[in-house]
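Chains as they are written, first to last, in my numbering: chain A, 1 to 396; chain B, 1 to 396; chain C, 1 to 396; chain D, 1 to 396.
Keep in mind that the hints were calculated from the coordinates and are not lab data.
Please note that the accuracy of each hint is not assured.
[To be verified] Pairs of lysine-lysine residues, derived as DSSO-like cross-links and limited to a Cα-Cα distance of at most 30 Å, are as follows:
id: 1; chain 1: D; residue 1: K113; chain 2: A; residue 2: K11
id: 2; chain 1: D; residue 1: K52; chain 2: D; residue 2: K113
id: 3; chain 1: A; residue 1: K52; chain 2: A; residue 2: K113
id: 4; chain 1: D; residue 1: K284; chain 2: A; residue 2: K393
id: 5; chain 1: B; residue 1: K52; chain 2: B; residue 2: K113
id: 6; chain 1: D; residue 1: K11; chain 2: A; residue 2: K393
Protein chains: 4
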Amino acid sequence: MDFALSPSATKLRDELLAFMDERVYPAEATYRRQMSELADPHGHPPVLEALKAEARGRGLWNLFFPGQLSNVDYAPLAEIMGRSMLGPEACNCAAPDTGNMELLALFGSDEQKARWLQPLLDAEIRSAFAMTEPDVASSDATNISCRIERVGGDYVINGRKWWISGAASRRCEVLIVMGKTDTDAAPYSQQSMILVPTHTAGVTVVRNLDVFGYTDREGHCEVTFANVRVPAGNLLGQEGAGFLMAQARLGPGRVHHCMRTIGVAERALELMCRRVQGRVAFGKALADQGVIQQWIADARIDIDQARLYTLHAAWLMDSEGNRAARTAVSGIKVAVPNMALRVIDHAIQAHGAAGVGDDFPLAWMYAHVRTLRLADGPDEVHRGVVARHELRKWVT
Amino acid sequence: MDFALSPSATKLRDELLAFMDERVYPAEATYRRQMSELADPHGHPPVLEALKAEARGRGLWNLFFPGQLSNVDYAPLAEIMGRSMLGPEACNCAAPDTGNMELLALFGSDEQKARWLQPLLDAEIRSAFAMTEPDVASSDATNISCRIERVGGDYVINGRKWWISGAASRRCEVLIVMGKTDTDAAPYSQQSMILVPTHTAGVTVVRNLDVFGYTDREGHCEVTFANVRVPAGNLLGQEGAGFLMAQARLGPGRVHHCMRTIGVAERALELMCRRVQGRVAFGKALADQGVIQQWIADARIDIDQARLYTLHAAWLMDSEGNRAARTAVSGIKVAVPNMALRVIDHAIQAHGAAGVGDDFPLAWMYAHVRTLRLADGPDEVHRGVVARHELRKWVT
Amino acid sequence: MDFALSPSATKLRDELLAFMDERVYPAEATYRRQMSELADPHGHPPVLEALKAEARGRGLWNLFFPGQLSNVDYAPLAEIMGRSMLGPEACNCAAPDTGNMELLALFGSDEQKARWLQPLLDAEIRSAFAMTEPDVASSDATNISCRIERVGGDYVINGRKWWISGAASRRCEVLIVMGKTDTDAAPYSQQSMILVPTHTAGVTVVRNLDVFGYTDREGHCEVTFANVRVPAGNLLGQEGAGFLMAQARLGPGRVHHCMRTIGVAERALELMCRRVQGRVAFGKALADQGVIQQWIADARIDIDQARLYTLHAAWLMDSEGNRAARTAVSGIKVAVPNMALRVIDHAIQAHGAAGVGDDFPLAWMYAHVRTLRLADGPDEVHRGVVARHELRKWVT
Amino acid sequence: MDFALSPSATKLRDELLAFMDERVYPAEATYRRQMSELADPHGHPPVLEALKAEARGRGLWNLFFPGQLSNVDYAPLAEIMGRSMLGPEACNCAAPDTGNMELLALFGSDEQKARWLQPLLDAEIRSAFAMTEPDVASSDATNISCRIERVGGDYVINGRKWWISGAASRRCEVLIVMGKTDTDAAPYSQQSMILVPTHTAGVTVVRNLDVFGYTDREGHCEVTFANVRVPAGNLLGQEGAGFLMAQARLGPGRVHHCMRTIGVAERALELMCRRVQGRVAFGKALADQGVIQQWIADARIDIDQARLYTLHAAWLMDSEGNRAARTAVSGIKVAVPNMALRVIDHAIQAHGAAGVGDDFPLAWMYAHVRTLRLADGPDEVHRGVVARHELRKWVT
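Same shape as in the complex, but just chain A (with noise of 0.2 Å):
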């Protein structure tokens, strides 16, 4: 058992640690500063141009992809990227563009990698993966009610969908939506993926829907699909392999979340700290009060644990396959949001009425963390899937 790092990755480590120190986090302010002049919550700020510049130019760029890094290689830098709201991003790793370029790469044709890969890769263009519907509870694919139906060479798409993240960006051209293709199939096989351009007529971006009061700059909007029409050519993989295909792009994808979800909760436990030494209450510094030191140890110790219990599913992904991984990495999806949350809840207490504000991100982190406990499968779902697990391995 060796927990270090290897070479590799300690060198990209240094150099991403030096990015994000002399780039990343300094464009923070400046980043505030040009979103407030566009008065365009959906605008797209110059810094971040400079920022994916830069960090192509040192080599940092698309780390996440498939070829590039193991998945215990990839961790600890997708932590660090999630330290700003801007670093994952500035590298090209952001979601929901890092799913779907797996997604392009593992099951596209060499037209549709032509066409949308190699631009996602460039990062000249962004797109959405649209799944969760408001009508039913879409954590169960079966209840799916998006249609995709085979009509001559074209397929023809209605439905609604909602919280597809990205689509409010003006840089979003491409849409994966997942509907039925065939609703006589076995429960698992009725769903399929279809490649949707941005502007094809019949799609409608209804409305953006804020979290928590925020507006997020790429969106998460609600579309309608009114017999919209796309080649059969758009078709990504086979027909009926939708449910494994989103199950085979959540595996990596919930590592790269949790790894950037800690790295927010470092990130907020480094706010804490700073705050507590710099402020008096009834005659003694915040730091030297009991109470805020028990929950900077809780959230060390927290944060530690959902560090090392994350690398290990990374670790089972790369050294087993991500079948095998499938109980941890639901294990994963539970444990670091909700830890993230009682980190970032205590940091906002520890900074008192600045906590809820927009001075620092602390508030801003809670909403986004909060999310991830319902994103592609609410808590409960996931413990399900590590119970009924455990259960299998003492059948009496």
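Given the structure of chain A, go ahead and fit chains B, C and D onto it with the hints provided.
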């Protein structure tokens, strides 16, 4: 021991319930539409004026006001109003005006009452209370740095305040400002309160502060006071009495806040119960799933305990005075918001992705209630009050 | 709404407090010494008889008995008795006899009352209630497998019961046994109760069961019934009424249990407060350390809420009947033991190693209260009762 | 990063698993029977000797001993032993002897090693470590009041210790006593350790202390030292080095304790999984009830995190030394017992009444693990260590 409402409180409760059902709940959609049309987060939607006229006509007006009702009779009404974000303002029972009206009633001169109390009671103007400061841990009143200095027949105010709720309202006409008049006095005799018309020269609303991304209509503002000069007659009460008046203001105010918050929790529980009876996942209504039933049961159990605890504190104030109830009030100040956050968080989880957006009021409730663990003293300070009181019982 | 005790309850409370201070607390050390000298964990120490004579002389006897006091008047007395492990028995208000006496009073024939109720009221004998079975989840009454069969003028009982509290006492003269008389009846009409003298042929106390290592004086026994024959006149109430009578028994019994448990929690809090004011670590009295203050504050807050919640349930029983109070009683059954365990656990932690031993009663309290989360239905079953009641309010 | 066990650790693990399956688990019932027959809670049942001979023959003996295995290789073995209350002693890897053997190996003179270390390695005698004192908060070593005074060629010891684990064993031949040799030295240089044969004049085992009602076989004793005289050669290490040696002893010892405790939690989870698959309530197997599935999932998630966290601390000790691992060791000292208590408590609840008795080892596990939140420094002290280390990273 008798837990029954008094006949007069029962009558008011029934009238208020009817008003909520007939007017307030139906107005919520109208309110959202009008706010959206106003395109001004600090605008004043007409539906509120209609509700206010109606409430006044029904005799459901200023029920909080000292002398109207006992605390234990008013508390259940505050809970009912709190179920809707429109309820308290409709009945002219909204913070921070209620506390400010109490201060004016108890300590104001006749002139002050004529100029500010009467229009507040008529809901023609609104007011704000400026205590919290950005640069110090101001839950410790000895840290307050704002200065109120006597210069001839005037007082001159210099300082920076923030989280001044209500100051963004177009109707906010007066600020009650807490500052130090005598830094050489005993630690809790240095503070005074003074009435400052919002439009006095030197008063600058620097910015509004969002709460978890939400821009509240009445706002939470950062306000600077630069050589602000007001007549000496604007001093509220005596020089040096600021701390005591703040305590007096906060006693009933905390009970009101807690009861409104219990109303919020009840609304969240109602939403959760309705939602889970209409959704199916993995072959079973959410309402039939054991985990969700445990959330509902814990919500009911926690709400009922918190309500009784708050009513008991109200009864203590009525029967033994605000001072004797001080520890109990610190207790409810801790217990109630934490309880409500647990209930709301479960309701969010039960709503899936819809829970974190704005189609339901849950995320807004969460953000709003989260501030109550900080406003007017963080949990930790109030727990300290309770603990020290308890320890004194058992000195060995 | 009036939280004050009635004058008669106030008088009894003051008398009981005096009895506790003058006799019961001082007897605790005597009790431990006598038990140690008896060298029989099921022995009967003389000090108890002295306490009982004294309580009877002071009119603090059988206060639980129906018709003596309302539930809301009795509840605060049960709390006070519960502060000492000797209190309830000293006043002849100890489980399981109280519930059994209620059953006999409500459903017993004159002959049954003469033979068993009167000696129980005089504390000359004790009794047990045999419902739980080892081989099935008997919190679901339909699972009960014990059979009570009519054979001529007798009933013949066969079955195995366990956790029969009180059956190890040398004074236990009668068991109220729950079993099925008619397995063809409707699910909740199959059960009956029958009075079985402890020394009837075929009744075997197989063993005593320890609780967390503690051998309770009155014991918790496993008892087998092998062709046990008793006269038909020993049937309690009607055939098929067993389930309903069990519910009736459990209502007030749960309130008493909860109030005694609140007394336990108060005692633990007292012990914690005393301890931390007498110990210094790392240069500071434990009482001055923030973490410990938070434990004390949370204990006070949680205890006060739980007490009011239990009193309210008692008041509901008095004013609207046991049936209307059923959900509230399930609520307190969940809330109170969980609260008490949190308080006791913190008190243990504050005592250091002394907390887990027997120089203080804390570990024993923990073990004893832990059983209450299971006895007479586990938390999860009672939460289900509360949840289903809540859901019915909001059927859409 | 590589989470795989080394080949040699894998081989030992497989051999140990076989030993557990073939000998240890089957011996548990024998052990209980023999203890019951001995009718002496501090007796020594023959089955243990058979297990020890077998373990020694299989080469599963003294695996903890410095130089045998790295910490990270030994840790998984400690977990496996910890699954049975017989495992550690069977393999001569039981506390407190392991820590005492380490001390003797590191700091003992040749004579001390010959007299005590060799018989301990051969499991012919046992030992105890006397640090904790009843009258002071001895988690703060500066509070220690026991005196060790040089008088001629001897040391004379006076003091009172308690919770001296192992001192009730008939085989306990030596106590390592911590006391102050020089109260004028710097605070952490006042303490020394000395070897005191159990049967020296002046050593009195005053009493055994039960833990939550359980009388542990090896006991936890209160021991007084009244003018106990031993030769100067019995001093362990240097005068004044007691505190540092205690720290050295506790580092690996805490890792071992944590890994054994993880084994306890795994066993509790196994018991829970088996139980719920064999019980039906309200028409459904317990295993199919959502609440119980959440308990199982949380147990698996929490155990896996705690194990990785502990292994990482072990690896830090191996790769960077005990000193560098100090904060991590405080972290696991807090995290692991709290985790195990949650798991065991859920397992108890899932077992119903059977969970609090002794037909299953769950209540005993709970009591035993509960002591670990206090033994060798309460949680709060260790959280303080972690917090202060964290704060130093972010001094502003």
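Checked hints:
1. K113(D) x K11(A): violated (48 Å)
2. K52(D) x K113(D): Between K52(D) and K113(D) the Cα gap is close to 22 Å, so the pair holds against 30 Å.
3. K52(A) x K113(A): Holds, at roughly 22 Å.
4. K284(D) x K393(A): holds (20 Å)
5. K52(B) x K113(B): Holds, at about 22 Å.
6. K11(D) x K393(A): Holds, because 22 Å separates the two Cα atoms, which is no more than 30 Å.
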